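Q: Protein chains in written order, with the working numbering: chain A, 1 to 263; chain B, 1 to 630.
Misleading hints may appear alongside valid ones.
Here are some, though not all, of the chain A residues that point toward chain B, as calculated from beta-carbon distances under 8 Å [stated by the list, open to error]:
#, residue
1, Ala-79
2, Gly-112
3, Thr-120
These are calculated hints, taken from the structure and not from any lab test.
Predicted model only: the values in this text are computed from it and were never measured.
Cβ coordinates follow ideal geometry from the N, Cα and C atoms, glycine included.
Single-letter residue listing:
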Amino acid sequence: MSRRLLTINKLSVTFGGLHALKDLDFYVDEGEIVSVIGPNGAGKTTFFNMISGMVTPTSGDIIFKGESLLGLDPNQVTAAGIARTFQNVRLFANMTILENVMVAQHCRTRQGLWGALFQTRPFKQEEQEIREHGEKVLSFFGTRLIGYRLDQPAAVLSYANRRRLEIARAMATKPTIILLDEPVAGMNPKESAALTRLIGELRSEWGFTIVMIEHDMSVVRDVSDRVVVLDHGETIAHGTYEEVSTNPDVIEAYLGRPAKESA
Amino acid sequence: MSTEDRGPSMSTAFIEEPSDEELPARRMLDQDWRKVFNYGLLLALVLVFVALTNMPVNLDHRMLIEPIFSMGYLSLFWLPAVFGLVVCREPVLAGMPSHAKGSREVLAGSLVGLIGGAGLSVLTFLLDNFNLRDPLVNWSPQLLELLSFQRDTAFGIAIWLPVGLVLGTFGGLAHLLSATVRRMLSWAFASVIAFAIFETVILDLSEGFAWLGAEWLVEELYFIRGGLTMHGAAVLAVVGGLFAAFGRDRAHRAKERFDALEGTSRTRANAIGLLVVAAALVILPLFLGGITNELLANVGLFVLLALGLNIVVGLAGILDLGYVAFFAIGGYTAGILTTTNRGESWPDWMPQFYWGTALVAVVILAALAGLFIGAPVIRMRGDYLAIVTLGFGEIIRLLFLSDWLGGYTGAAQGVTNIPGVQVFGLATVKGTDPRAVFYLVLFFCAIAIYVSWRLERSRLGRAWMAIREDESVAEAMGINTVNAKLMAFVVGAVLASFSGAILAAKVGSVFPNSFIILVSIVILVVVIVGGMGNIAGVIVGSVVLIGILGGPRQPGLLQEFSEYKLLIYGVLLIWMMLKRPEGLVPNVRRTRELHQDEYLQDAWLRGEIDADSEHTDDSHSNGNTGVLPA
Ligand SMILES: Nc1ncnc2c1ncn2[C@@H]1O[C@H](COP(=O)(O)OP(=O)(O)OP(=O)(O)O)[C@@H](O)[C@H]1O
Ligand SMILES: [Mg+2]
C-alpha cells in the first residue's frame, strides 16, 4: 500500500465569471503516473497552476504530504517537492543549458553572499555539487543536452530539445512529484515514443511520481496508471485508460454530442 | 568624418562578410529621391537646431587648429559629411552579394549636403532680417557673424550652399574608398580632432612626463593660446593614418591570437592583462597632473555607483530610478559622523568619528535603507517599480532637506567641515589632493569589481539572471524572488554608499542638491551606454560619459561642452538605443537577447544550430525564442 502524496479537495477557481475549475477532487499516490486529459480549455493547465501556487484557488484545499499548500508561494511549493514544466516552453533562453539546470537547484542549496565573496570551502563544494547534479540530470536525455551543448544558450536548442530541457530543469529541483504539461506536444511519433519511455524511467529509475497533461492518447495509454478526464473544469471520468476510453461521457466530451440525441 | 569609423562597423556586429561577388553599381539617377530629400531636410533641421543651441558661437573661441578651424565650426561641419555618408548606407547581408558603390552614392551625398547647407543659408537670411530674440535666446548678431564667416550677410547666404555641397560630397565619396584608405583617412582625422579636443589633458599629462621630453613635443604641437599648430595637425594626421594602415592590423591580429587562446593559457593571459591594467592604474597617477587625477577620481566615483546599479538593473533586472538615495545616505552618514561642525540636534556626547569607523555605520545604514526601500518596492514589476523607486529617491533627498531633520542634517546648508581621510598617518585624502582621492576610489572600485565578478558566478547571480529573464518561471523553479531581489538591492545600496562616503571626504561637504534625481538618471545612462550587465562595459561607460562629457556636477574633459552635456547625453542615449542597444561593451547574454534573430541566423549559418535529424518541425516554436530558420 503506497503512501498518499497529494490530495485535492473540492478545488474551485473562477476567472471573472468563468468557472475554470469546479469542485475538483483528485489524489496521487507515491510512485504513480497519473494522466490528466480533456479537451482544449478544460482547465488542465489551470489545475497545474493551482498546485504550483501560481494561481490561488477560490475554495478547496490542496494537501501535500499531510500539509496544506494553500497560501504558499510557487517557490515554496517547489521547495516542498513539486516541480513542473510549462506547456508553452518557458526556458531561461539566454542562460546556458547547464545554467538552466543549475539555477533550478536554488531551493536545494544554501550558499549566499558570504560564501561567494570569500570563496569558502563549502561554497566551492556546493558549486561543484550543483554542477554535477546538473550534468547528471542532463545526461538522462542521452547525448542531446550534454557535451559541447552545455555552454550554449538554451535558445539554440531545437523545439524537441527545449522540451527535454524543461523536464531536466524540473528534475533538477529534486522534487517528489513532477507535473508535466503536454511533454510530447510538437514531437513526431518516434520522438514521443522515446520520451514516453523516459517518462517511465523517471519513475522506475529516479523514483519520481508523475502527473501529466497529455493530448496524445498513445502516450497516455502507454504509461499511465490512472487517467482523469476534465471537461469544463469538472472531472467527468476517472479510472484506468481502458475504462476511461470507453466511457460514453468522455467520448461525448471529445466528439461532441452524438447526432441522434442533439437532433 | 570622425564618425565614419564608428558608423558601419558597429551596426554590423552580427553580420558576416558579404559574399565576394558584387553586383554592378546602380545607375546614377536610379535613386530613392524622396529618401534623399528627407535626409536633406533632416540635416537642415539639425544644423539649424545646433546653430540655435548657440553651440557654434560658444565654442568658437576654442581653436582646434590655429588659426583656421574652431570647435564652433566643427560642431556644424561634421553633420553634412555624416548625413552624406549614411543616406546611401545599405545593410550588408551575410553571404549576399551587394551593389558596388558608384557615382549614385556621391550624388546623393552632395544633394543631402546641399539641402542641409540651404537650411543654414535660410537661417542666415532670417537672422539678418528678423529679430526672434524673444522666444529664441540665441538669435544673436554673434550667430549671424559666425554664420556669415565674419563677412557680410550675402556672403554667408551664398557660401553655405557650396560648403554643404562639398561636405556632403565628401561623405558620399567615402563610399568609394577602399576600406583601408577609408580607415586611414578617418584615423588621420580622428587623431587630429582628438588631440585638439583633449588639449587640456594632454598638456596636463606632458607635465608629468616632462623627463621624457614630452614638453618639447607638446610645445611643437600646440599653439600658445590653444589649438593645434598647422604643422602639428599635419604631423598628427600622418601618424594617425599610418597607424591605421600598419599598427591597427597588428593590434587586430594580437586580439585574434588572444581570442583563440583557450583553457589555462587563456586564464593566464587574462590574469596578465589584469595585472598590467592594475599596475598602470597604480603607477600612472604618479605622473599625472591635478586635472587628470581629478577626472580619474570622478570617473572612479561613478564607476563605483554604476557597478552597484549594474547589479540591480543589469543582473537582477530591477529598474531602479531612485538609486541616488543610497549615494546620499552614504554621503550624509559619513559626513555627519566625521564632521567637526555637526548639526545642533545631535547630543553633545557623540564623538567625532574617524572616516574608516564611520564607514562601518555607512555600510550598515545603507544596507538597512536598501531593505526598507526595497521591501515595499520589490513586489512590484516593470513600470510601477521604476516610478515608485523614482519617488523614494526624491523622498530621501527631501528628508535631508527638510526642517524636520534640519537639526541633524543641516537642511539646505548641508553638512560642512568634513575632514579628509587619514590613511595610516601617511596621507590625508581630500579634495585638494586629487591623486590621493583617486587611490582611495581605486581601492573601493577594486572591491566593487571583485564583488560583481564573484556574485555573477554564484548561486545568487544565477538566480538574478533567471529573474531577469522570466520572473514567474524563476519563482516556479524554486527561487525566492523577493529575497534574491532584496539582496541585489542591498548590495547595490552598499556600493553606492561607498561612493557617497568618499564624495563627502573629497568635497568636504554634502548638500541636498548634490543628490538630485539627475544623478540617478546619469548613472543609469552610464550603465546603459556602457553595456548593461558587463563590468568592463560599465567602466567604459563611466570613462566615456563622466570622464569625457562630465558628471552632473563634475566637469569632464570637454569642459567647453558642459552646457550641452545633457543634450549630448540624450542624443547619445537615443543613438545607442537605436543602433547598439546592448551598449559599448556588451554582455554576451544581453546581446543575444536583443539580437536573438540575428544570433540564431548566424548560428544556423555556421551550422551550430541544434537541428534534430528526425525532427524538423519548427512551427511550434511559439515560446520565448525567435523562429528558427527551417
Ligand atoms: N489567468 C487567467 N485569467 C483568465 N482566464 C484564464 C486564465 N487562465 C486560464 N483561463 C481560462 O481558463 C480556461 C481553462 O484554461 P486552461 O489553460 O487551463 O485550459 P487547458 O485545459 O490547459 O487547455 P489546453 O488543452 O488548450 O492547454 C480557459 O477558458 C482559459 O481561457
Ligand atoms: Mg493547457
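Q: Next step is simple, just say for each hint if it's right about the structure.
A: Verification of the supplied hints:
1. A least Cβ separation of about 6 Å between A/Ala-79 and chain B falls short of the 8 Å threshold, and the interface hint therefore holds.
2. Taking 8 Å as the C-beta contact cut-off toward chain B, the hint placing A/Gly-112 at the interface holds, the least distance being around 6 Å.
3. With a least beta-carbon distance of about 11 Å to chain B, the hint placing A/Thr-120 at the interface is violated under the 8 Å criterion.
Taken one by one, the earlier hints fail for this structure only at number 3.
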